[in-house]
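A.B. asks: Residue 3 is where the sequence shown starts when you use our numbering, and the numbers rise one by one after that.
Just so you know, not all the hints are guaranteed correct.
Claimed, not checked - Taking CB as the label site, the calculated pair distances span: (1) GLN197 to THR90: 23 to 29 Å; (2) TYR360 to ILE441: 32 to 38 Å; (3) THR335 to SER88: 23 to 29 Å.
Said to hold, decoys possible - Derived DSS-like pairs: lysine-lysine, alpha-carbon spacing no greater than 30 Å straight-line: (4) LYS177 to LYS194; (5) LYS225 to LYS351; (6) LYS116 to LYS351.
These are calculated hints, taken from the structure and not from any lab test. Note that the structure is a prediction, hence the values are computed from the model and not measured. Glycine included, each C-beta is placed from N, C-alpha and C at the ideal position.
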Amino acid sequence: MWVFRSTKIIIRNQEKFNCISKKCFRKHHSMSIAKSSVKSRIRLNLSDPSLTRLHIAGVAGLWMTLGQLEKLYPESAKRPSNLTWSRTPHSISLDWDGEEDFIVLDWLLKQSFKISDEGLIDLPGVNSQTGNIQTKIIKHLGIRGTFLQHNKSFKSAGNVSTVLIDEMEAIVLYKKVDEYAHQVFAKHLCNKQGQLLQEPIGIVGWLYPGAVIRHEVFREETKFHEKPELALALLFAPVACQYFVLGSHLEREKPHFILVIPQVTDLEAYAQHCWNLTDLDFDYFHASSLGDAGLRFLTYETNVQQTAFNPVERCLVILFGKAAWSKQQKTRTETAFLQASETVNSVYKLSCIFFPNYQNFKSKNETPIIANILRGIIADNLANSLPWWFNLSTKVQDNYLLELSNDDNQGIYKMISNSQWDIETQKLFIKCVHETLKIRYAKIYARTKEDEYVQIERENIRIVSQLKRCTNAVNFRKFIAEFWGKTGHNPILQEHLDEILSITSGIMDWKIAKDLTFIALASYPKIKTTESNI
Numbered sequence: 003m004w005v006f007r008s009t010k011i012i013i014r015n016q017e018k019f020n021c022i023s024k025k026c027f028r029k030h031h032s033m034s035i036a037k038s039s040v041k042s043r044i045r046l047n048l049s050d051p052s053l054t055r056l057h058i059a060g061v062a063g064l065w066m067t068l069g070q071l072e073k074l075y076p077e078s079a080k081r082p083s084n085l086t087w088s089r090t091p092h093s094i095s096l097d098w099d100g101e102e103d104f105i106v107l108d109w110l111l112k113q114s115f116k117i118s119d120e121g122l123i124d125l126p127g128v129n130s131q132t133g134n135i136q137t138k139i140i141k142h143l144g145i146r147g148t149f150l151q152h153n154k155s156f157k158s159a160g161n162v163s164t165v166l167i168d169e170m171e172a173i174v175l176y177k178k179v180d181e182y183a184h185q186v187f188a189k190h191l192c193n194k195q196g197q198l199l200q201e202p203i204g205i206v207g208w209l210y211p212g213a214v215i216r217h218e219v220f221r222e223e224t225k226f227h228e229k230p231e232l233a234l235a236l237l238f239a240p241v242a243c244q245y246f247v248l249g250s251h252l253e254r255e256k257p258h259f260i261l262v263i264p265q266v267t268d269l270e271a272y273a274q275h276c277w278n279l280t281d282l283d284f285d286y287f288h289a290s291s292l293g294d295a296g297l298r299f300l301t302y303e304t305n306v307q308q309t310a311f312n313p314v315e316r317c318l319v320i321l322f323g324k325a326a327w328s329k330q331q332k333t334r335t336e337t338a339f340l341q342a343s344e345t346v347n348s349v350y351k352l353s354c355i356f357f358p359n360y361q362n363f364k365s366k367n368e369t370p371i372i373a374n375i376l377r378g379i380i381a382d383n384l385a386n387s388l389p390w391w392f393n394l395s396t397k398v399q400d401n402y403l404l405e406l407s408n409d410d411n412q413g414i415y416k417m418i419s420n421s422q423w424d425i426e427t428q429k430l431f432i433k434c435v436h437e438t439l440k441i442r443y444a445k446i447y448a449r450t451k452e453d454e455y456v457q458i459e460r461e462n463i464r465i466v467s468q469l470k471r472c473t474n475a476v477n478f479r480k481f482i483a484e485f486w487g488k489t490g491h492n493p494i495l496q497e498h499l500d501e502i503l504s505i506t507s508g509i510m511d512w513k514i515a516k517d518l519t520f521i522a523l524a525s526y527p528k529i530k531t532t533e534s535n536i
């Protein structure tokens, strides 16, 4: 009995020892395998609900950059830690061997954010090797004026001014860059051991415009924080965004910059679209309003695309300007969200044809391109789902109507003629105003010597001044009644009296009638004419 019990105890102890030995072997073996085949990964997907529009733009920028780096380094063996990646229209995956995350990320950022021989920010992701100098300068100025405003994020190497634009020596000032924050950000993504951080990191305004520290005393508590992989995505947002210079001849101060953040739904389609935008001229990137910049971006169709369409239908537009509480840096002063449609696109494209920008190569102290303010007003109306001519009489600054060039007058006339009108009576009303002006001016021509149109200008100024003083429905009805009554017989008014009175009698808003009168006055040619062609 005693022998049996001793044998049983020995057997049990042996089984316990064998079990412990197996566990230790399995644990040691698994640890050895783990150390020899550590696989670091970063996954970014457009379906991630934590991504904002700027994050998505960053994912698109990374997608574009990896596409270009793949051409430069087709073999993963030539990349650090056997870095590989996979790209789909909606996601990105980064993989590499070992635990040297810093070396991998530092290499990736230094290859993605470079400096050109001209001292410009060079982004291989936008296929900068094939782009012209004008596009590169706008990209450089745009990033400098939006993301990298502070000297801590942008180390300058001096100023350069002379650039060849449209075969003319135009003065464009830009600061050469010696180093910028994107190139050295890998150290903020990794710990002291060089491994990718697992906890959120603090981000600042140059990485995400508007993400400022809310209270200096509680810096850590009020600072914006982001996951390291999402912070990596934000680094590439400047690659996918577009930049426009805001300015018109009515704004004498230095031009501000507009940041256009696309709402990307297909990474591959958007990348191909951006790669086809590298050869645009300096004129393209000048806008006179947020709507103008946004619609310019949304309606551009490259000729090299087989489908010839713009894959982006929506975008967020941000204006950077000086605020009273921030004199040194430009902050976000205005934002707009724009959505393209067939009707909006067609009308805006007409405005681009009829109201082009002006060249200003004579002045050394101003921008070489002046954006057309009329196109900006039209674009803002379209962006807000309003008629292109809505509130035009109040949006144009005082006396600007009298300073319109002949090209602008003709542009308004062509917009009236070529645009689709939801209510044909509105177009008929303009035709009636034109007929009234023709009769009035004909009487002046009859008693005026050839080429002496001073009286015509005086009459035009008087009519415009009276129209400006119309601040309510009663004043406007009095104005329009006298305008038609003093003219005499108007065949269009007589034939379509009921339809035209529907605009002026209060059935429609009197402001609409005022705007229609305004564009009719602005579009009527000031030279001798015998008929209306609308």
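A.B. asks: For every hint, state whether the structure bears it out.
C.D. replies: How the hints compare with the structure:
{"no.": "1", "hint": "GLN197 to THR90: 23 to 29 Å", "verdict": "holds, 27 Å"}
{"no.": "2", "hint": "TYR360 to ILE441: 32 to 38 Å", "verdict": "holds, 34 Å"}
{"no.": "3", "hint": "THR335 to SER88: 23 to 29 Å", "verdict": "violated, 40 Å"}
{"no.": "4", "hint": "LYS177 to LYS194", "verdict": "violated, 34 Å"}
{"no.": "5", "hint": "LYS225 to LYS351", "verdict": "violated, 43 Å"}
{"no.": "6", "hint": "LYS116 to LYS351", "verdict": "violated, 35 Å"}
Going through the hint list in order, the structure does not satisfy hints 3, 4, 5, 6.
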